[in-house]
Amino acid sequence: MSITPYRVLVGPEGYLPPAAASRGILLPEKGEALIEGAIVPEEEAMQAIATKLLSAKNPFFFPGPQLLWDWKEGVALKAQAVKKLADLAGARVIPMPDYRPKYPMINPAVEINPNHPNLTIWHNKIDVCVFIGVHCHYANMALKIIRGGTSCYTIALCGEAGHEDAMISLCCMGMPELARLTEIIQSMKGEQAA
Amino acid sequence: MSIKVIKPTAAFASLLPTEYLELVADGPYASPKTINDLGTFKEIIAEHPHCAGCGVALGVRLTVASLPAPADTLIVGTAGCSFFGLAQAALNYSCSAFGNQNAVASGLKRMLKIRYPDTDKDVVVLVGDGGIADIGLDLTLHSWFRREKIATIMVDNEVYGNTGGQESGMTQEGQVLNMAPKGKNFAKIPVFELARVSGCVYGARVTVASPKKIGRVVRKAILLAREVGPTYVQIYTPCPTNFKFPPQQTINIAKKAEEGYYSFQEFISDDAQAYWEKNFASSTM
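Quick mapping for you: the protein sequence lines, in order, are chains A and B. Letter 190 of the first sequence, counting from 1, is numbered 190 in the numbering used here, and no numbers are missing. Letter 64 of the second sequence, counting from 1, is numbered 1064 in the numbering used here, and no numbers are missing.
Pulled out of the complex, with its shape left as it was, chain B reads as follows (with noise of 0.2 Å):
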């Protein structure tokens, strides 16, 4: 992976459709960027296909500002309304099979390591509450036994939003949805307390409501996760579609949860504390 990897050839660079040209020049590559910085480069192309007010569009949009190391990055995503946003943003992105992508993003960081041994190589699982929490516990869970070092970010809208709205674990207790007519019937997996007694060096739990917390949580999630171990971000990010509020009501409804049952929260161990302490205490992120 190199900057030269998103540098037009001459000779057809005229031929590139706008919104390659858009995130070649204005895309996160060239300086380092932070959310801060949103609205001033391109991270997504415009047209994405997220509903309107959708909390994930804007979990993938703070999250993908907030890479310490954009152009050394590589996200690894799986199915679901995560997908439709990461697959247009600048940025290096695999696709996974279903569930598999902690699996895939352990192969690829080892890989990296092997063939970049001199360069930070950042390997981030970006997916939903489907991907993690439902169809890939089993592999999220054994690459934080094994201490992978990679960083593992979900956005939780608590439902299978772009297939019609049936609950996943991450679903509320009693919530009713499309194609969970009588409501869940048992509580949201603990996941981000999984994550504390699975291995994961860091683990920070936020809303969309709060853009430079994730700022601060995500970086600092993929800078441990570059030299510790794994670490986990849990980021709420409402479905305004299957939830059926107004999409205005996005940024209220993750407020209202961020007081609420989605606190932030934040844990990380002694060991990682005192890399972060030795070697970014001044950081002001």
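Isolated chain A, as found in the complex (with noise of 0.2 Å):
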């Protein structure tokens, strides 16, 4: 019998998607990378998102908290070279500075929650967005409601074991590998100056 392996496209998906992990998607080891459920070298990965940012209509990147707050030494600096990278990108950002449900609601213009990222994504009209310092259960969580729901080309730039419910997701993203990134982003777009 063969069983056609799951890919992880864009949504949407239907209602309760399943989470990629249960469908057979595997983690990325250091050096590797996802691409839509398949692992790929993570050079690779990254000359895919940098092809999804430069030609997206309406980028995003969404810092989470890990970003968004001071809280030890490093991560001002790791800030600093996000911000340089959606900036360069021609990405908006939009911040996601906790996890707490809000009521009545999120105001989706400035802000996202993981409980309903799918607002932001539809009041913004967001195709390729970009998930970094989000802590991992909730970036889990929130890629899969976006690919339930939206149909917006997810990214996730993971400093722990990457995520299978985003359609690229690298893994161990630390500073050397976002300067890498910020490196292929700005030589694709001399490219396409040129």
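Wrong hints could be hidden among the right ones.
[Said to hold, decoys possible] DSSO-like cross-link-like pairs, simulated, lysine-lysine; straight-line CA separation at most 30 Å:
1. A:K72 <-> B:K1121
2. A:K72 <-> B:K1113
3. A:K30 <-> A:K84
It is worth saying that the hints were derived from the structure and are not from the lab.
Relying on the hints, combine the two individually framed chains into one complex.
Pasting the structure below:
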């Protein structure tokens, strides 16, 4: 019996999409990454991220609490690097300052919440988004909701093990990896301009 | 937990929503605050979703303003009206499954003691009457039996407010509610008395009509829980929506209750009294 491998594609996949892990998607090792559920070399995923960001109509970065709050040494520098990356990619930034559920509702023009990220995606008509600095369990939940209810292409730049539920996911994202991604976007922009 | 966790990174500070910036600039962390300072700092974001005249919102607000060390305090909550306000407060807040709050708080307190042996970390349970007196009564009592060093504060609106008005164990006998059309047919659960016989070293019963008393008893409960043992504060927080009185009457309703069945009461064990006199006798609060 053959089984078609599950692919993590742009939604809307429908109410309650499965966790990609439950459909056999494995996390990458250091030096690897995920593109739509398939493990690829990290460099290939970085090229794909650059292409997606530079060809997007309305790309956004969603920095999470780990980058928004200056809670330990090195965070401020990383935040600066991420802001530079977003600016270079022509992406706007909407913060995810914390994970508290907000009632009656958040203002989707100025923030995103992991409990209903679709509101921010829909309101701002976002076609490509990048998660960075969001704690993994909340990122997984938000990425799944986005895949379930929107047509937004999701990218996760994860400092830990990566995210199966993102369409492209890097893992072990530190300053060198951020610098490399910035370099790739810079050079791709240069090629486009030429 | 450190004051650093509420300092925005420079790169993204300008992008944070206004209420976060206000909480950072004017929250209760920078210097100790008391009830007397209310109105001069931001203890809860303005757009909380409580009903007009909500006693729970006022109870949460007064409690938050009474914390002796807000930056080193972890509030543990659970489902219910109290959660709506707490989720918006400028505090370390953990929401537990309904009724689990005292068990969660016990674990957190022990973990914080191991992680920060040289710093006082206050763990304060702040939940409604449903969470403490009904769904979490067993876990609450057991945390008291075990003498966990946590302060438990009940904001008692005597009803399940945000689910349409079901009776709770703390509803008064005979009270008619939306979902209790025949009236409640048993008496209010005596949680305050249970606290006294279950190991609490200090307890106080108060209403939102007496803010300064709340300031005093909440601070005392938290400081005693740090060193001596479990403490309990029960605050009457009337609910205009389910008890169908005009929102501007909340304080009057609480005042009337304080003159009757919800009179101010306090108990303290001998060891807690001795500790208090030794360490805080000169305290003005």
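Exercise. Given the proposed pairing of A:K72 with B:K1121, does the C-alpha separation stay at or below 30 Å?
Worked result: holds (20 Å)
For this session: For the pair we were handed, A:K30 and A:K84, check the Cα-Cα distance against 30 Å.
Result: holds (24 Å)
Exercise. Do the alpha carbons of A:K72 and B:K1113 lie within 30 Å of each other, as the hint requires?
Worked result: holds (21 Å)
This entry satisfies every hint, going by the numbered hints stated previously.
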